[in-house]
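Chemist: Build out the structure end to end from the sequences listed, making use of the hints.
As you go down the protein sequences, you meet chains S and U in turn. If you use my numbering, the first sequence corresponds to residues 1 to 115, in order. If you use my numbering, the second sequence corresponds to residues 116 to 227, in order.
Think of the hints as simulated: they come from the structure by calculation, not from any bench. A hint or two may mislead.
Cross-link-like lysine-lysine pairs, in silico, DSBU-like; alpha carbons within 30 Å at most [what the hints assert, rightly or not]:
(1) U/K186 with U/K172
(2) U/K172 with U/K185
(3) U/K129 with S/K107
(4) S/K55 with S/K73
(5) S/K107 with U/K172
(6) U/K129 with S/K73
(7) U/K172 with S/K73
(8) U/K172 with U/K129
(9) S/K70 with S/K55
(10) S/K107 with S/K73
(11) U/K172 with U/K124
(12) S/K78 with S/K107
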Amino acid sequence: AQTVTQSQPEMSVQEAETVTLSCTYDTSESDYYLFWYKQPPSRQMILVIRQEAYKQQNATENRFSVNFQKAAKSFSLKISDSQLGDAAMYFCARPFGGGADGLTFGKGTHLIIQP
Amino acid sequence: NAGVTQTPKFRVLKTGQSMTLLCAQDMNHEYMYWYRQDPGMGLRLIHYSVGEGTTAKGEVPDGYNVSRLKKQNFLLGLESAAPSQTSVYFCASSLSNRIEAFFGQGTRLTVV
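Modeler: Right under this line is the structure:
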């Protein structure tokens with residue numbers, strides 16, 4: 001099975017500071033999409049950002065940006081100006097591939113925001 | 116805007132009982148999915164559907180069955196619940212596998 005690895009079970013950052021969450025994956029495909037989802041205590045899964053592998057430009061959504069290194073199969077999420085509302089579990093995900101649909105998720109990173 | 120709605124939100128079952136989880140979406144999406152989330156794990160795909168009348172197995176399909184009789188509904192069935200099926204279940208839908216999937220709020224199921 002193709003895997004998604006998040007090596008940081010928990011991260012802590014001071015409010016207003018910048019934090020980077022790491023994600024690596026494996027794939028045999030050349031064209032694919034990558035996602036970061038946020039899961040706050042409410043349990044709702046919320047899309048944070050999406051990256052298309054064929055695009056060299058890193059995706060950006062307001063305070064959230066990615067560092068996509070295709071050759072290294074790395075897809076990190078940078079959160080700038082961290083806010084208390086950013087506290088949540090963050091999951092990296094990619095499509096299953098190989099003709100199957102659905103997403104494969106990493107185990108998640110618990111982000112703590114220190115006031 | 117309802118989006119993706121799961122019923123029920125919480126349920127406690129005894130071992131061996133059966134139940135059906137209902138997922139309804141009002142976005143006219145073709146793709147629908149059922150995931151489970153266990154402590155310390157990301158979401159894992161149980162079954163999915165790429166259109167009305169179609170279903171396919173995901174990563175962890177054993178012990179579950181699904182049906183997609185109507186485009187807007189995707190049902191997940193447990194025929195004989197086991198404690199190992201204690202989990203939070205999420206339904207999701209999307210226009211395709213290459214764009215955002217919208218998730219329901221989850222169902223917390225406990226099997227005792």
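Chemist: With reference to the structure, classify each hint as holding or not holding.
Modeler: Status of each hint after checking the structure:
1. U/K186 with U/K172: holds (18 Å)
2. U/K172 with U/K185: Status holds; Cα separation ~18 Å.
3. U/K129 with S/K107: At roughly 29 Å apart (the allowed maximum being 30 Å), S/K107 and U/K129 satisfy the hint.
4. S/K55 with S/K73: Given pair S/K55, S/K73 holds - Cα atoms ~14 Å apart, limit 30 Å.
5. S/K107 with U/K172: Holds: S/K107 and U/K172 sit about 21 Å apart, inside 30 Å.
6. U/K129 with S/K73: violated (44 Å)
7. U/K172 with S/K73: It holds: about 27 Å lies between the C-alpha atoms, which stays within 30 Å.
8. U/K172 with U/K129: Between U/K172 and U/K129 the Cα gap is close to 25 Å, so the pair holds against 30 Å.
9. S/K70 with S/K55: Measuring from Cα to Cα gives roughly 10 Å; hence the hint holds.
10. S/K107 with S/K73: holds (17 Å)
11. U/K172 with U/K124: holds (24 Å)
12. S/K78 with S/K107: Answer holds: S/K78 to S/K107 is near 18 Å, not above 30 Å.
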